[in-house]
Every structure is written in structure tokens, then in C-alpha cells.
Amino acid sequence: MKPGHGTLERMVPTVSVRPVAEPLAPQASGDPSSPVKVRASGLSFYYGATRALTAISLDIHANRVTAFIGPSGCGKSTFLRTLNRMNDIVPGARVEGRVEIDGADIYAPRTDVVALRRRVGMVFQKSNPFPKSIFENVAYGLRLNGLARSRHDLEGQVEASLRSAALWNEVKDRLHDSALALSGGQQQRLCIARALAIRPEVLLMDEPASALDPIATQHIEELVYELKRDYTIVIVTHNMQQAARVSDVTAFFWLGRLVETGPTAAMFTNPREKLTEDYVTGRFG
Amino acid sequence: MERQVPHFQEALELLKARLLEMGGLAEDRVRTAVRALVEADMATLDSVLVGDEAINRLHIEIDDRCVKLLALHQPVAVDLRAIVSAVKINTDLERVGDLAINIAEAAARYVQHPPVKELIDIPRMAVLAQDMLRDALDAFVRRDETLARRVLDQDDELDQLKTQVFQSLLEHMTRERETIEPALDLVLISRHLERIGDHATNIAEDVIFMISARDVRHHHDERT
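For the protein sequence lines, the chains are A and B, in the order given.
In this text, residue positions in the first sequence follow numbering that gives the first Met the number 0: the first is 0, and each later residue adds one.
In this text, residue positions in the second sequence follow numbering that gives the first Met the number 0: the first is 0, and each later residue adds one.
Worth flagging that the hints you see were computed from the coordinates, not collected in a lab.
Since the structure is predicted, the reported quantities are computational estimates derived from the model, not experimental observations.
Be aware that a few hints might be false.
Below, simulated DSBU-like cross-link-like pairs (lysine-lysine); rule was C-alpha separation at most 30 angstroms, straight line [to be verified]:
#1 A:Lys171 <-> A:Lys227
#2 A:Lys227 <-> A:Lys125
#3 B:Lys15 <-> A:Lys273
#4 B:Lys87 <-> B:Lys67
#5 B:Lys87 <-> A:Lys227
#6 B:Lys116 <-> B:Lys15
#7 A:Lys227 <-> B:Lys116
#8 A:Lys131 <-> A:Lys171
Calculated Cβ distances over 10 angstroms to all of chain B for the following chain A residues [what the hints assert, rightly or not]:
#9 Ser43
#10 Ile88
#11 Ala243
#12 Ala264
#13 Thr268
We treat Cβ as the ideally placed atom computed from N, Cα and C, and that holds for glycine.
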């Protein structure tokens, strides 16, 4: 990291750590059993003059949970947002390198960004249900995208989405109550149901449980574990234990670089990089 | 898709199933070795001598499962004690597998000689040691402290039988010098069976630790 990078400079840990060689070799997740769904190649990202991500190369495999970990400001959320071009709306944002989904570059000029975000759904840290009924929260996207053929079909799809989000049993008798009356954990699962309703292929989750209590967190974690059967899931978490519990593959970011990625069990028992070991053992961060 | 059992609990159940499988294999090898001794069945003894690959594989697999569960789930309370116990039980079971080989080795030498005596107490010891092993593992799976404590009590009975075997063989050896070599192999076999009982006892102590967090080894806490 060169001097003068503003906020990123302050993230340097107080303990001495080995500098990361530049550029880092492309990283394999070590999971050849599942096809690559998302591939980032030499991806750098700038907020104006500030480089927030440096030459990230990472394969994300289908039907796996990939967790991004790293200290605050390491770039993990920024990288997540490059995967459905959520960063496009940031003034002065600039991307170098490629992100491919099923082999197609999502930053190609003719990309339909709205269609992209349908394929790559997102769940945020703070649950953000619409101020409507539980039913309408899920039905809204289905109607907007013309995905329901009839009222009966719409109801069936809303139920299926709520079931997928492990929420149906708790709300089936009050579908027309306000979503805002639900608990925080239920609201977050509703947001997941809403995201699932429009049948995305990839689900990006940005610290989806960080505002929840331990029981609600466990619900979300179990849900993530289940959803990978049908979706490719990428989860950003500042909670290392959560990454350990729910993910198949873990990627460790530091100062805008991808330091190491690999099967989660290996990352938490025998990481290759000293920097990863120092982070997962709590020696810095 | 709504599920009740967290996937950690499923992984823990799988770990227990693998330990049970390993216990079953170890017990079976002890039974086979002792039966082959009684029947002077050299072919079966040979099969015991070469057949511990499955146990060794499980030994490594179970340790690996334990390390991953500890690293990925940071278990606490009874779950933590269950995994720590599983690591120790795994070692005990692997040793039982090795002792089955030691029994088969001694038996293979013994059957080359005329029988020293009719084998009565050694098969009894084998049955008792297997029962202790099975009870200790059942206690682990069912979290049954009463059953675990019964295993501890049975160990004295096994020790007594071993002393009885030893004294009886000593008489034979004193009377007839040519029985010394085969009789020593029987002494060794009884010693191996007694050690299997000790491993079952270790497992039972680990089970009590898992259930109640009390360490009854070396009379550290009261046994009752």
C-alpha cells in the first residue's frame, strides 16, 4: 500500500505483520467439485483517487457459501458490491479488471444492470422491509417483474419464498399485518424471502446478522446453510466465528487485497499465510 | 425447508455415529481374536493380524472431525465436553484395536503348542471386556451416567479374573516346564484383555465428564 491513501492508512494494525507481496497470485478456492459461478480477475476499485481494492482475483463456486472476512475497511463490502454493480451509484467510483458471472463480463457496456441485480440479489446489514404488509413485501417484486400468472400463482410463490426463508410458520396466520411489526430477525428473514422471490442465482449478504440477537443470528445462519442447495451465496461478516460456522469457502481481505482464500476448515485450522493466521487467532484486527 | 436441528448438532451426531462404528470394529476384532484362539483357527488369527486398516482410517477421520468441529463451531458446555471426550475415546478405541492384534499375535504363537489347559477364564474375560466397551459407548451415545458408572464397577471383576488366570497358569508352569512358553502367551493375552477393560474404564470416565463435568479419574472427584 502506497502512502497517502487516506482512510485505509489508519487501518494498519498496531502489531507488526508481514507485508503482502504484490501482486498476489490468482486464488483458487480449492473446491473443484462445484462449477465457478462468479469469477473476479484483477479487479481494482477506486473511490476517486483512493484505491479501495487492489487486483482481486477470486473464483466463487455455485451452491457454496463463500464468506469474506477481514478488519473494518479491508474492502470486503466494497468487493461484494462490485459483484452486482451496487458501487455504480457511488460518485467517482471506477472499476478496473473483470467480474464474470457464468463467463459473461458484468461490466461490459451492454450489460443490463437491472437484469443483473435480479440475478444477483442482495440482503443488507439492516433489515429494510417496505412499510407494507408481510405478503406485499414479497409479492411486490413478483408483480414488478411480471413473475406471477395469477393471484393464485402469486400466493403460491409468496408462500414458497417465505418457506425458503424459514419464516412461513411464524407468519402464515398474519400475512396481511404490517411487516414493521415483525421482530428484527423476522424482518431480516422477510428481506431474504423478498430477495428469493424473484429467483436470483446469486445471493449477496452484507453482514446480515450483525444487528440481531444470538437466537435470530442462529436462524439466519441455519438458513444460509440451507439456501446453498439452491443458490450461490456470498456473505460478508465481521464475525469470524460466523464465517467459520456457515461457509464452505473463506476469503480473507486486508487493506483492499485478497490475502488468502480456501476451504473454510483449512482457513481456520491451517491457513497458509501468517497474516491470515494472525487475524483468525485475534492477534490483530 | 424450515429445519429444527442446527447443522452443528447433526455434525455432532455424525461424529458419535463414527465413534460407535469404530467401537463396533474394535470390539469385533477382540471377539474374533479370542474365538480364533479358542478354536485354534490360524486363518482367522491371520485376518485379525492384517485387518486394522479400517480402524486406523477411522482414528484419523474422527480426530479430523473433532478438530474441525472445534475450529468452526467453538462449542461450549456439554458440546465442548462431548468433543473433547470424543478425542480421548477415539485414542482409547484405537488402542483397543492394537490390543486385538497383540492378542492375535500371542494366540498365533500359542496355537503352535499343545494346549496348556482348557480355556475358560480367558473367554470370560473377553466377554466382560467387550461388554464394558459396549456399555461405555452406549453410555456415551445415550448420555447415561448410570451405565458409565457400572462400567467402572465391572473393571474390578476383570482384574480379579486376570489374577485368577495368572495364578492358574503359574501352577501349570511350575509343574511342567514345557508349558512355560505357551502359558506365558496366555498370561499376555489375559493382560491385553485387562488393558481393554482399562480403556473401557477410561471411556466411561470421559462419558461421566461429558455428562456431569465431573472428573472421576484417579478418584479426583468422588465416584459415587
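Distal placement of Ile88 (chain A) relative to chain B, Cβ over 10 angstroms: holds, 33 angstroms
Ala264 (chain A) remote from chain B - nearest C-beta pair above 10 angstroms: violated, 5 angstroms
Pairwise hint evaluation, Lys125 (chain A) against Lys227 (chain A), where the allowed Cα distance is 30 angstroms at most: holds, 22 angstroms
Under the criterion that the straight-line Cα-Cα distance not exceed 30 angstroms, is the pair Lys15 (chain B), Lys273 (chain A) satisfied? violated, 34 angstroms
Is the hinted pair Lys116 (chain B) and Lys15 (chain B) satisfied, with a Cα-Cα distance of at most 30 angstroms? violated, 41 angstroms
Assertion that Ala243 (chain A) lies farther than 10 angstroms from chain B (Cβ): violated, 4 angstroms
Would you mind confirming whether the straight-line C-alpha gap from Lys131 (chain A) to Lys171 (chain A) stays at or under 30 angstroms? This hinted pair holds, its Cα atoms lying about 16 angstroms apart.
Hey, is Thr268 (chain A) genuinely clear of chain B, shortest beta carbon separation above 10 angstroms? Since the minimum Cβ distance to chain B is about 5 angstroms, Thr268 (chain A) lies within 10 angstroms and the statement is violated.
Against the 30 angstroms threshold, does the CA-CA distance of Lys227 (chain A) and Lys116 (chain B) hold or violate the hint? violated, 65 angstroms
Would the non-interface assignment of Ser43 (chain A) survive a Cβ cutoff of 10 angstroms against chain B? Since the minimum Cβ distance to chain B is about 32 angstroms, Ser43 (chain A) lies beyond 10 angstroms and the statement holds.
Hint consistency between Lys87 (chain B) and Lys227 (chain A) [alpha-carbon to alpha-carbon, up to 30 angstroms]: violated, 34 angstroms
Going straight from one Cα to the other, do Lys87 (chain B) and Lys67 (chain B) come out at no more than 30 angstroms? holds, 16 angstroms
Violated hints, listed in ascending order, are 3, 5, 6, 7, 11, 12 and 13; each of the other numbered hints is respected by the structure.
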